[in-house]
Amino acid sequence: MREPAFGQLNCSIAQSLAMLGDAWALLILRDVLRGVRTFEGFQRSLGIARNTLTDRLRHLVEEGMLTQNDVGKRGTRFEYVPTQKTREFQVPLMAIMQWGDRWVVGRGNEPVVAVDRDSGAAIAPLVVRTTSGRAVTADGLMYKPGRGATALTRDYLTARNKKLARTSP
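Under the numbering used here, the first residue of the sequence shown is numbered 1015, with each subsequent residue one higher.
Watch out, some of these pointers could steer you wrong.
Straight-line distance between alpha carbons at most 30 Å, and here's what the computed DSS-like set of lysine-lysine pairs gives [claimed, not checked]: (1) Lys1177 to Lys1158; (2) Lys1099 to Lys1176; (3) Lys1099 to Lys1087; (4) Lys1158 to Lys1176.
Pairwise CB distance ranges, derived in the manner of DEER restraints [claimed, not checked]: (5) Leu1047 to Leu1178: 34 to 42 Å; (6) Arg1116 to Cys1025: 39 to 47 Å; (7) Ala1179 to Ser1133: 40 to 48 Å; (8) Ser1146 to Val1085: 43 to 51 Å; (9) Leu1178 to Gln1082: 40 to 48 Å; (10) Ala1028 to Arg1116: 20 to 28 Å; (11) Glu1077 to Gly1134: 28 to 36 Å; (12) Thr1081 to Ala1179: 43 to 51 Å; (13) Leu1178 to Val1085: 51 to 59 Å.
Hints in this document: simulated from the structure, not taken from any laboratory.
Fair warning: this is a prediction, and the values are worked out from it, not measured in the lab.
For every residue, glycine included, the Cβ atom is placed at its ideal position computed from N, Cα and C.
Please take these sequences and the hints and turn them into a complete structure.
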């Protein structure tokens, strides 16, 4: 799979999207986290073309998101198993689902409701919190350069933060 040019940006979001590939990859990861394990299962769930599915599965295996286990005779049938990297991706997928429930399909029209396996209780909306546990709204977020920031990123964030400081109440 060809990596989009934004994979070169100094941004974890852009680089993650470039690594994941496209929307098909996200839907494959959604399905594998829900228990789909076979090529036929993905194809049945997604209605995706065989060549596209083959390409995306190969890419996700290469990126360490899935392991491919041979369950047929001499490589004729495989099972795709989520790695820890994918299991941890459940949280961003849940955030996308919750955002879509609110802003795309509308509350009350959710196609799927995530619940706790043990209690059956619905999963609460995900919230961004500080390390001390305080909830932070979108308006309360600010970004500062991290250790991997390029000079361009550092300059941009420094200027942006100065502007935000001037406009704060």
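Using the beta carbons of Leu1178 and Gln1082, state whether their distance is inside 40 to 48 Å or not. 47 Å, holds
Does Lys1099 pair with Lys1087 here, judged by a C-alpha cut-off of 30 Å? Holds - the C-alpha atoms of Lys1087 and Lys1099 are around 28 Å apart, at most 30 Å.
Assessment of proposed distance window 51 to 59 Å (beta carbons of Leu1178, Val1085): With Cβ atoms ~54 Å apart, the hint holds.
Would you check the hint for Lys1177 and Lys1158, treating anything up to 30 Å between C-alpha atoms as holding? 13 Å, holds
Taking 43 to 51 Å as the hint, is the beta-carbon distance of Ser1146 and Val1085 inside that range? Holds - the Cβ-Cβ distance for Ser1146 and Val1085, about 47 Å, lies within 43 to 51 Å.
Is the gap between the beta carbons of Leu1047 and Leu1178 within 34 to 42 Å? 37 Å, holds
Falls inside 43 to 51 Å, the C-beta gap from Thr1081 to Ala1179? 48 Å, holds
Does the Cβ pair Ala1028, Arg1116 satisfy 20 to 28 Å? Holds, at about 24 Å.
Given a hint of 39 to 47 Å, does the C-beta separation of Arg1116 and Cys1025 actually sit inside it? With Cβ atoms ~25 Å apart, the hint is violated.
Are the Cα atoms of Lys1158 and Lys1176 separated by 30 Å or less? Holds. Lys1158 to Lys1176 sits at ~11 Å (cutoff 30 Å).
Assess, step by step, whether the Cα of Lys1099 is no farther than 30 Å from the Cα of Lys1176, and give holds or violated. 36 Å, violated
Range hint 28 to 36 Å: satisfied by the CB atoms of Glu1077 and Gly1134? 34 Å, holds
Checked against the numbered hints above, the structure violates hints 2, 6; every other hint is satisfied.
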